[in-house]
Each structure stands twice: as C-alpha cells, then as structure tokens.
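Use the sequences and the hints to build the structure in full.
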Amino acid sequence: MSILQLPASARLPLADRPNTAVIMLAIAVLFGACSSPESATTNSAAVAVADASGAALGSVALPGSCAGDAGVHLNRGLALLHNMTYIEAAGHFASAANVDPECVFAYWGEAMTIVHPLWPDVPSAEGLERGAALLATARAARALTEREEAYVSALEAYFHDAATTTETQRLASLSEGWRLAVESAPADVEAKLFHALSLIALAGGAEDRVGARAAAGQLAEEVLEVVPDHPGALHYLIHAYDHPALAQKALDAARVYGAVAPANSHALHMTSHIFTRVGDWEQSIKFNERAADAALAQGHADAVSFHYLHAADYLVYAALQRLDLGRALSVWEKIENIDGPVADHAATAYAYAAVPARIALEQGNWTAARQLNERYPSVVNWDKYPHLEAITVFSRAMGA
Numbered sequence: 001m002s003i004l005q006l007p008a009s010a011r012l013p014l015a016d017r018p019n020t021a022v023i024m025l026a027i028a029v030l031f032g033a034c035s036s037p038e039s040a041t042t043n044s045a046a047v048a049v050a051d052a053s054g055a056a057l058g059s060v061a062l063p064g065s066c067a068g069d070a071g072v073h074l075n076r077g078l079a080l081l082h083n084m085t086y087i088e089a090a091g092h093f094a095s096a097a098n099v100d101p102e103c104v105f106a107y108w109g110e111a112m113t114i115v116h117p118l119w120p121d122v123p124s125a126e127g128l129e130r131g132a133a134l135l136a137t138a139r140a141a142r143a144l145t146e147r148e149e150a151y152v153s154a155l156e157a158y159f160h161d162a163a164t165t166t167e168t169q170r171l172a173s174l175s176e177g178w179r180l181a182v183e184s185a186p187a188d189v190e191a192k193l194f195h196a197l198s199l200i201a202l203a204g205g206a207e208d209r210v211g212a213r214a215a216a217g218q219l220a221e222e223v224l225e226v227v228p229d230h231p232g233a234l235h236y237l238i239h240a241y242d243h244p245a246l247a248q249k250a251l252d253a254a255r256v257y258g259a260v261a262p263a264n265s266h267a268l269h270m271t272s273h274i275f276t277r278v279g280d281w282e283q284s285i286k287f288n289e290r291a292a293d294a295a296l297a298q299g300h301a302d303a304v305s306f307h308y309l310h311a312a313d314y315l316v317y318a319a320l321q322r323l324d325l326g327r328a329l330s331v332w333e334k335i336e337n338i339d340g341p342v343a344d345h346a347a348t349a350y351a352y353a354a355v356p357a358r359i360a361l362e363q364g365n366w367t368a369a370r371q372l373n374e375r376y377p378s379v380v381n382w383d384k385y386p387h388l389e390a391i392t393v394f395s396r397a398m399g400a
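Sequential numbering of the sequence shown, starting at 1, is according to the numbering used here.
Take these hints with a grain of salt, some might be off.
[Said to hold, decoys possible] Pairs of lysine-lysine, DSSO-like flavour, derived with a Cα cap of 27 Å:
id: 1; residue 1: Lys334; residue 2: Lys384
id: 2; residue 1: Lys286; residue 2: Lys249
id: 3; residue 1: Lys334; residue 2: Lys286
Derived by calculation from the structure, the hints in this document are not laboratory data.
Pasting the structure below:
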C-alpha cells in the first residue's frame, strides 16, 4: 500500500490551447510533401510501413534483395527499430531471415536491435556475442552488395573486441563506421540517420554539447526533406533537440510524430520530450496518456512493458506542473495495482522510484518524502539499479 496519503491540492483548469489547427496544418504539409511530384522523384525508394495490426509506422528506405515476404518483415523491422521498439523489431528481422536465409539485412537488423545507443541498458556479454555472430552469418549468407558491406562494416565496428572495450568506445567506433558509410553514399538516408543517432549518443561527452546535438539534428532535418514521415528522422531530431537551447526547433516534429506512428507507444511518448521542454503540459499529458494506453495494448504477455511505466512517469510530472494532484495520484495508484510481473529494465525501476518521490517533493510533503519505501516494490531487481534506488534514499533525506 502506498504511504502517499497527501492532502487535497488546488487544481488548475487545463488551458484550452489552439493546437489542433497547428497540428492539422503540420500533418497536411507533411503528407502533401510526400505526395508531391518532386518528392515522388527524390524519394522513390521510401516505403510506407505498418505494424502487424495495420497501424502506420512511417516510411523507411531500405530496398534490399530479399525474397518473398522477407521484404515486408525487413521494412517493418526497420521502422520499429527507428521507433526504438527493439523487441518487436528483432522478431521481424528474425522472420525475414527465416523466409530468406540469404537476406543479409535481416541478420544485420537483428544485430542492430541489440545496440541501444540512447538508453541506459548496455548489452550483456551474451548480447555482444550474439551480435557478432549475427554479423558473421550476414557475411556468410552470400556475396554482399556495396550497401550491405557498408552497413555490416559499420555495425561490426561496434561489436569488434566488444569484450575488452567500454560502451563509450564501442559507440565511438560505431559512429565512425556510420560516418564512413555516409561518406561512401551521401544520399543514403538510412545511413545518415544511424550516423545522427550515434552522434546524439556521443553528444553528452562532447566539449560543445549543443553544437554536437545541432549537428545530429541537421542530418535528421536533411532526411525529412526527402522522407517527411520517416520515423527515424522525426525520432532522432527530437532527441537531438531535446535541450533547452534547441527545443523550439523540434516542435514541428513533435506535433507530427504522433500522427506518423499513432499506435506506437515510444513514438507517442517521444513527442512529450519536447512538450515538456517548452512547458506545454496539456500536450505532454495527452501524448503520454496515449503512449501508456498503447504500451498496455501492445505489451508482452509475460510482463507489463517498461514503455508504459516510462510514459506514466512523464504523465505524473506533467500533471504536477498543472497542480493536478488528483491525476498524479491516480496514475501512481494504477502503477501500484499492476497485477503480475513488470519488465526488468532501468525505465521500470526509475518509474517506481521517481513517481512517488515526485509526488511528495513537488507538494512539499516532507512527511510523505521521509516515509517513502526503499526498494519498493519487490518485483524490481533493485540490486541491478542502485543509482535509481538512490532517488528514494535522496528523497527520504530531503524529507527528513
């Protein structure tokens, strides 16, 4: 049972912001660009992709020489990869390989799902071995085309000597691999986006962090000029500009991304990174509610998705900024009442630690803060996440 029995708080009415017209205009511009004669000429390789239920995922451009339905699985896996829906993406890449054992990009794609450049989870030793083995299988499948060679080589740079290198070193090698791929084929939008993603991953250690993010964002913007509904371009542009100095530049992408992938939980949530940066709490609440619902609808039978918990955490934060304590407490109650296992992931542990801490500290309820339950709930393997357990310890100390 939660210890957060907080007093009622004043609630601000939700502002009636005229965003609908802006969003519809942005979508009209987006899909108008997709259907224009010029776009049809420059973007002939892009393919609109939907998930297994028929929900749109955006358009990607990875033409390959895979047989039969392997191409469908391949493009779906790529779109899901760009949406960072890694588990589902891996399944479709594996299906592509099952349909066509000589589909080089299928093995490359599954190996790509092991690498999460912007997430806190680092591949396990088994994952690193699996990635290297998949790339070896890709090379053995048949003679590689020039593009396949560039993609496989770029990813091999990450997995090479992985056991003796740090994640930062592996990501730097990966970034250099994608830089070379772009250098050899400047018009390749997929290579350009993977290079942008790698630059964002390294931006935290750059001397000029804003400049590094802006450089990555520029690559994503170049792709959007060619493929306006590319999920990777929209996604990585939001990540690149997820900074106070750059956030305004990503507002258009945030307003469009949710329409491009309307049933993908992570895509819906990502819009709120920018809405949060600019203080548009109404839109942050709206899209995180949709993201949470989508995560539950598309979750895995064995555990509640961490995408749900991540969206719920952002939802609580936005509600608190509106002084809507009732909504925040309602979300926390739903989290506490989850029946069954939850995904073992850093985002899961973060949500369980951060949500009750936010509610207590944002209200200045020091009694509730010092009574927060450490290592709660027990379904989380807290031994793996001491840095997240620290949120609770810190909050208890503040309360005391």
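Checked hints:
1. Distance hint between Lys334 and Lys384 is fulfilled; the C-alpha atoms sit about 24 Å from each other, no more than 27 Å.
2. With a CA separation close to 21 Å, the supplied pair Lys286 and Lys249 stays within the 27 Å bound.
3. For the given pair, Lys334 sits about 17 Å from Lys286 by alpha-carbon distance, which is consistent with the 27 Å threshold.
The structure meets every hint from the earlier list without exception.
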